[in-house]
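Peer 1: Spelled out, the chains give:
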Amino acid sequence: MGLHDVMFYYFAAVVVVTALLAVTRPNPVHAVLFLIPCFFHVAGLFVLLKAEFLAVIQILVPAGALMVLYIFVVFLFNLYDVKGIKAAHRQSVLAGIVAIAMVLMLAVLAVSSIFPGPFQELAVKTAGDNTAVVGGALYTTFLFPFELASLVLLVVMFGAMVLARREGKE
Amino acid sequence: MISLTHYLVLSAILFTIGVAGVLMRRNIIIILLSIELMLTAVNLNFIAFSNYVQNPVGQVFVFFVMTVAAAETALGLAIVVAMFRNLETVNVDEINQMKG
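Protein chains in written order, with our numbering: chain L, 1 to 170; chain Y, 1 to 100.
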């Protein structure tokens, strides 16, 4: 077992355990805090897959900015003190059966799929390092979607401000 | 040796944890977190395949997925804030004003 294998199993185990804890903790503060190591270790898996640029983005955006946003909202509105929120849903048993069936189905599909053999270790490095390759694709072939994404973020910024604004208080 | 299948199975497990979270929990914040988990599972799949077929386009797509995930979180939390102000709850079972 090489170093790559050991690192994969470590990252995978932490990701699965922290994700399970995040969706099962009654307190949303704990859930958000468990999701932060989960996203950090997903970034580790991205590094193993030679996607260093996206690993950094994964730490900055989902693990950093978004989790801070969640914690702000949970703290500002005292959301963990609402009654009836901690009990499991009455459809939990059915949902658990559906989830187990789904993961078994997906795992069988993945194991019996037509993709043979291990990864080639050379990865996506035909035109320099990973950031150069992704940036080159982003600013040439995918320039229009890239600009559209910035427009989406602008609209979302105004939308969030309008939605969260307090009415009739000037 | 770690193969593509390992990453696919891990991604399937992560996605299913997200689905289970959406189905089982009543707190809308946890439901938004579970959606975040599902998007992460999809990103992992994209990057694994991008490495497997030696094509960087999968990573570009992950970049856009992350953009949309950030947008979804910002709007979702804004809606939660507005809802909590008006209804004093984040329990999805109590949000049934649109029910016929």
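Think of the hints as simulated: they come from the structure by calculation, not from any bench. Don't take every hint at face value.
Claimed, not checked - Here's a subset of chain L near chain Y, in silico, CB distances under 7 Å, partners left out: (1) Y10; (2) A13; (3) F34; (4) A51; (5) G64; (6) L66; (7) F77; (8) I97; (9) A101; (10) M102; (11) S112; (12) A137.
Claimed, not checked - Simulated restraints on C-beta separations: (13) L:G159 <-> Y:K99: 20 to 30 Å; (14) Y:V53 <-> L:G159: 47 to 57 Å; (15) L:E147 <-> Y:M1: 35 to 45 Å; (16) L:E52 <-> Y:N91: 21 to 31 Å; (17) L:L109 <-> Y:M83: 29 to 39 Å.
Note that the Cβ used here is the ideal one computed from N, Cα and C, for glycine as well.
Peer 1: Hint by hint, say whether it matches the structure.
Peer 2: Against the structure, the hints come out as follows:
{"no.": "1", "hint": "Y10", "verdict": "12 Å, violated"}
{"no.": "2", "hint": "A13", "verdict": "10 Å, violated"}
{"no.": "3", "hint": "F34", "verdict": "9 Å, violated"}
{"no.": "4", "hint": "A51", "verdict": "5 Å, holds"}
{"no.": "5", "hint": "G64", "verdict": "11 Å, violated"}
{"no.": "6", "hint": "L66", "verdict": "5 Å, holds"}
{"no.": "7", "hint": "F77", "verdict": "5 Å, holds"}
{"no.": "8", "hint": "I97", "verdict": "10 Å, violated"}
{"no.": "9", "hint": "A101", "verdict": "9 Å, violated"}
{"no.": "10", "hint": "M102", "verdict": "5 Å, holds"}
{"no.": "11", "hint": "S112", "verdict": "9 Å, violated"}
{"no.": "12", "hint": "A137", "verdict": "5 Å, holds"}
{"no.": "13", "hint": "L:G159 <-> Y:K99: 20 to 30 Å", "verdict": "25 Å, holds"}
{"no.": "14", "hint": "Y:V53 <-> L:G159: 47 to 57 Å", "verdict": "36 Å, violated"}
{"no.": "15", "hint": "L:E147 <-> Y:M1: 35 to 45 Å", "verdict": "41 Å, holds"}
{"no.": "16", "hint": "L:E52 <-> Y:N91: 21 to 31 Å", "verdict": "41 Å, violated"}
{"no.": "17", "hint": "L:L109 <-> Y:M83: 29 to 39 Å", "verdict": "38 Å, holds"}
Consistency note: the structure conflicts with the earlier hints numbered 1, 2, 3, 5, 8, 9, 11, 14 and 16.
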